[in-house]
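Undergrad: Sequence:
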Amino acid sequence: MPHYQAVKGARDIFPEEMARWKYVEGVIHSIAALYGFSEIRTPIFEYTELFQRGIGSTTDIVGKEMFSFQPDPQGRSITLRPEMTAGVMRAALQKNILSSAPVHKLYYISELFRKERPQAGRQRQFSQFGAELLGVSSSAAVAEVITLMMQLFESLGVHSLCLRINSLGDTEDRLRYRSALQSYFAPYHDQLDDSSKERLEKNPLRILDSKNPAMQELVAGAPRLYDYLSASAVAEFEKVLFYLSERSISYQIDYRLVRGLDYYSHAAFEVTSPALGAQDAIGGGGRYDGLARELGNASDLPAAGFAVGMERLLMTMEKQGLFTTLNPQGPLVCVVTQQQELEDHAMQIAWRLRKAGISTETDLASRSMKAQMREANRMRAAYALFVGAEELSTGLYSLKNLLTSEQTTLSLDAVIEILREPLLREQVRS
RNA sequence: GUGAUUGUAGCUCAGUUGGUUAGAGCGCCAGGUUGUGGCCCUGGAGGUCGGGGGUUCGAGUCCCCUCAUUCACCCCA
1 MPHYQAVKGA
11 RDIFPEEMAR
21 WKYVEGVIHS
31 IAALYGFSEI
41 RTPIFEYTEL
51 FQRGIGSTTD
61 IVGKEMFSFQ
71 PDPQGRSITL
81 RPEMTAGVMR
91 AALQKNILSS
101 APVHKLYYIS
111 ELFRKERPQA
121 GRQRQFSQFG
131 AELLGVSSSA
141 AVAEVITLMM
151 QLFESLGVHS
161 LCLRINSLGD
171 TEDRLRYRSA
181 LQSYFAPYHD
191 QLDDSSKERL
201 EKNPLRILDS
211 KNPAMQELVA
221 GAPRLYDYLS
231 ASAVAEFEKV
241 LFYLSERSIS
251 YQIDYRLVRG
261 LDYYSHAAFE
271 VTSPALGAQD
281 AIGGGGRYDG
291 LARELGNASD
301 LPAAGFAVGM
311 ERLLMTMEKQ
321 GLFTTLNPQG
331 PLVCVVTQQQ
341 ELEDHAMQIA
351 WRLRKAGIST
361 ETDLASRSMK
371 AQMREANRMR
381 AAYALFVGAE
391 ELSTGLYSLK
401 NLLTSEQTTL
411 SLDAVIEILR
421 EPLLREQVRS
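Residue numbering for the first sequence follows our numbering, beginning at 1 and increasing consecutively.
Note that these hints are calculated values from the structure, not bench results. Hints may contain errors.
Said to hold, decoys possible - With a straight-line cut-off of 35 Å between C-alpha atoms, the simulated DSBU-like cross-links for lysine-lysine are: (1) K115 to K22; (2) K370 to K22; (3) K202 to K64; (4) K95 to K64; (5) K355 to K400; (6) K64 to K22; (7) K22 to K355; (8) K197 to K8.
With the hints as extra help, turn the sequences into a complete structure.
TA: This is the structure:
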């Protein structure tokens, strides 16, 4: 074991894996553009109150999972962001972007931090792709972000996902339901587990998605939130379902889906992946019309959005074998030399090739010719260019096609001419 | 925060009831081919056996503590 290791729950991404990230990120950028979303970056930390107010102080995230610290004794507490929505909303309100246009569509791919015990599909530093549609409060907006998310999965070839959706109604609906739940559970108080007892007081809705089998039994007989929705909330929800059906997006209504963040209202959804372990949520989101007011804004700023766990997405793709065609590109040519006196000349040639726009490698470690050739082969170079005394005197170099083993003798200008041919790489290494 | 699991070479792992100098495969390096890669053959480098303490004539092996890993709970992406 090396003396220093990465911090618990944090990991390194090496070049082989990086290729996958680049690929997925590329697809994300183009699909976001397709739907008219623009990228935003916000600070990696925020004042702690932002998350306490935005996410909700009764949530697990705020209660026990935040990395918080105080830069100076008198100063305000700062927190490494555990999610993105609060920060994006803060940025939008701070700049008052709605005054420039009534609707804003923003997306991000960002690093998040949560102080949890790491396990399969869960790290302390992780990243999410997310989109926020600000300024419109409608079923159409929710449907649009869900559609965007599902199209991303489809474009990547991810399959067998399960989209579950529910409506949490508006604030009044939830208040009425909340007291109904409390009176339902009250007689069972002794049978509740510790966390459910606590939730009964603070946030009874959360008892619904408890995984404890004993709790689930009790929950089965509990009143349904759906029955407490106002007529308009039901209509809105059905409109969302209509849009989804119309776009051939299959879903499953889950009346017990409540999600852990306080800011959701009306539609809330979650996508799970069968390829993951116990932590199988690959994405989730909903509507959060009241968040802006919660953050001190004078009026509501209607909004809808989602977040997709990048690591979980990549993990699912890996499991589903979607990366097999992704081969890292090697250099086009390796400049190889035998005599050490010619090293400088070889590097000079490598420089000239690179100036000509040809990706080139050369040995910097004074290794044997055999080692250099082995290296060229390992990095899947298409060609080797030999630099020796003979070449130096004649000005003609030996260019070897490493796939066909054919070798020709050419002037450097001719070599550059050949290697510049753009389609060459595909022909050589298909 | 709770529970369980696993720590031996760069990687994947062997290592008998405690017994001399801790092994294999792959990878890496070199040679076979003194100017030519992949395949093959030969050789080489590389290990505080996670760390600390204890038991013992003797510990990779047994005991305690500790650190780390992984999985699960909780909850979430």
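Undergrad: Identify every previously stated hint that the structure contradicts and give their numbers, smallest first.
TA: Result: no hint breaks.
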